[in-house]
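Q: Protein chains in written order, with numbering that gives the first Met the number 0: chain A, 0 to 666; chain B, 0 to 300.
In short, the hints are calculated from the structure, not lab data. The beta carbon of each residue, even a glycine, is placed where N, CA and C say it ideally should be. A few of these clues could be false.
[Stated by the list, open to error] Okay, the calculated bits of chain A under chain B, using three or more residues with CB under 8 Å as the criterion:
| # | segment |
| --- | --- |
| 1 | 66 to 77 |
| 2 | 512 to 521 |
[To be verified] Computed, partial: chain B to chain A, Cβ under 8 Å:
| # | residue |
| --- | --- |
| 3 | S74 |
| 4 | E108 |
| 5 | I180 |
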Amino acid sequence: MLAPSFGAEVHTDLWGLSPVTSMGGQKYYITFMDDHTRFTQLQILRTKDQALDAYKAFTVWASTQHGARIKHLRSGHGGEYTDAEFTKFLNEQGTEQRLTTHDMPQHNRVAESLNCCLVECVQALLHQSELPKSLWGEAIHLCIWLKNQTSTQAIGKATTPFEQLTRCKPNLAGMPEWGQRVWVHRGSESKLDVRASIAHWVGFNQDSPHAHCIYWPEKGSISVERDIKFASKQAIVYAPHFPILQADLQATATPQPPMAAPPAVVALLPNLQTLAPCTPAQSHGLQAAWISRLLTATIDSSNEDEDQVESELSDLTDLSTDGPSTPIPQNRKGKPAEVAQPTRQSTWTCKPSAHVRRLAMGEGMTDGSSQSFPGWHLNYAGHSATKSTSLIEALAGPDTGDSAFLADLNNVIVVAIKESDGDPKTLSEVQSRSNWPHWKEAMDREIKSLKVAGTWKTVPCLPRKNIVRAKWVFKLKRKANRSIDKYKVRLVARGFMQIYGMDYYDTFSLVACLSSFCVLMALAACFGWELEAFDFNSVYLNGELDENEEIYMQELPGYESLGEFVKLLLKAIYGLKQAVVKWYHVLHQTLTDLGFCVSAADLGVFYARIGENILVLVVHVDDCSMTGDSPKLIALYKHKLNDCHTLTELGPVNWLLGIKVTWDRKA
Amino acid sequence: MGYIESILARFSLTDAKVHATPMVPAVTYSKDNSLKNQVEVACMRKVPYREAIGSLIYATIAKRPDITFAISILSQFLDNLGEAHWEGVKQIFRYLAGMKDRMLTYGEERHGLLGYTNVDRASQLHHQAISGYAFLIDGGVVSWSSWKQELITLSTAEAEYIAAMHAMKECIWLRCLIGEIFPRLIDQTTLFCDNQATLQLVTDDNYHMCTKHIDICFHFIYQMVEDGSINLIYCSTDNMTANILTKALLHWKVATHVLRLGLCRASRGVLDSGTPGKPKAESDKALGSMGGHIACSTIAG
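One chain only, chain A, in its complex shape (with noise of 0.2 Å):
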């Protein structure tokens, strides 16, 4: 049941808090829908308290631009519409308010799913155009204005709100893409300046008819411009999925015979869009996911197939105007209006994408190899790519043989980039690679070497006890020449499970101060003193856990045995939230017994005294420096350490927690 004339009700709500502020500043939007019409208006809102205003700016606009005054006012149970101000001006006006019920948005039906309609074209329009988030205040604008000039369930479809208002018919004629590329003229430079610069169209300004919102990304701002001209358009989408695209391309391909070539239909989609039915922004979105998903298409703007270009205009206008549904689009001047550009455009050239083009050259493959795929030969390998038969064209063609090299190619496209994405991630991912038995050969060399330093004992799965998973890191290390070096497995505990005063305590990592560092520079400067450096191999595998921490970790994966059983650790192991701390224990306990002392002053600095000579180390976790007056000492010592760490010698300090330190010995 609509209401009976304009004004005599009219539904609205306010909706925010937006996550994003807008250009402006705001955060929230109201919308006034006239029931009888339809017709709707919109206004962005820094605050909910500008609620009130937003509503007296439109009942004074219907007022005098419609000689109508509200009857019934029917909203939310929101503080915006209650409070004492609101009511106070409804009952001067003599309008009568309508609220729900709390918690009963339902009551507020038409506003509310107004709501859903215009967050989810907004959303659309800015997913498809890759503009920032701010910018929901200008898409919000463009909704409501193409909400009010299409058509609606509840009025008819043979008329849309603005031509229940206005009693004429919209024009929609040569509607531009939202967020589409346009080039703005530059006055006022010189003569040999550039005379445009590119920027984006973001709707059409409200107060002055002819003018046009426009986004420049570089300065994030929005300026009013009236000399505009639409950019080409430039199409860059992507997915693997080669099924739907194919069935969705020739769903929407065949039911239009009049346009057999495809560059066409895509050419022609812009103006399809705006006078098909549905909202803009999901006519956007089913034009990403048909438009070929794999290549970056541009199309050159020419004129030399205007005419058959506007004939197939005319054509697709013809098919549109025989369903019910859609306004007809007039053109004031009996031609494309000169916004129209898209439509100006016939030829393709089709560029394989720089991941493409290295997937052609065979970087990243398995063998290293350059693997030749049937269909990119055909299009991408040869360098005839600007004048090919394009994949579209392909894909178009009903022809079953191309489909079944598509399949194909589907799959190579699928291994191929999932092999050269670098290093897998899960166990299950690895194992579907092709490397898989070398990866397997690794995991069990690391599981063998954990056995051997003893990190754990199976026992039977307890009832109540903290089990925390693991997971393997697979890393693959390459030579200078990208040949493969080693398949690098590492078993790493999942810390972030391990639950505080249960399973850990500390998880300092122990580090001289860096005055510590500059103070024994000094000192062994000072002395004339060597400066060696060396650091530790898998520290955090020679922590010993003690009695009372009793972590379990669940069964390897990949390696699980029948029954319940779960691996208590005896040692730290990499991911342990204490794995660094035992460290120092043990690094502690190594230096004590070798006759090191640790300094009270820092803790991260140990010496000993040797008879007359004396020993200095410096420790930053696995990294250290050693000084003392005697050579011979230094090397003994770090003998003796080697015995019970493995340690990389690094020879005379060089780079010191990536600072450089050079030694003057002349000097």
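Starting from the known structure of chain A, arrange chain B on it as the hints suggest.
A: Chain B only, in chain A's frame:
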């Protein structure tokens, strides 16, 4: 490529015009420089301020005492920055571009541990004093700091007194570290201060009207001096190396103090060319006799 070069390249300032000071002396930074309207916010949105400050802080704590003060001021505006602050950060980069070949050098000369403490009481708008200290071993700085004092002081002497107290805490730690490992190296340590009133305050324990409000904990310094382990002596403001840690200086002062801190060019002989003489400490004693000098520059992998 060194660390400084790498951060200059990261922020596309490799070819920046070189500047002689890390901070313009007359400029004060405050919340008033922060953004006021949406247009300015839009302009500054893409500025990598935090990244720049973060990468400079590493340089500061690793090897560059000369930019410590500028960084400590500019890092107060991470959340509420204005264009002036970003210009300030760029100035630091410009300064570093001219100073990237400097290395912290130890062993150029022979004297034990000595320290400088200084304070700048009222140049900042918040009226809290900025205190700083630097400790040097053999002509190379090993420990330095610049920070805003936590309390508002009534006189320069009082602010200096508190700064000296903080410097002494660091001094005790350094003496502890060195003394533990090399007991024979430690005797009296010299701490330079450029305020005569503070020295008076330290050397006699008379009751003053002006100092009766100074908290008992700050008289710890008196105890340390009486004990004899630390010798607090006067040096003129021109020779006060810790000046660079408390205020923005003119370029020739920056150049002098940078050399004093041990930031020398990789090639030798810089120190000999026309730098003012160092203050002589009474307890000036050589730590050792053997030669050798280690230079560390801020170059990171």
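Q: Looking back at the numbered hints, which does the structure fail to meet, lowest number first?
A: The structure breaks hints 1, 3, 4; every other hint is satisfied.
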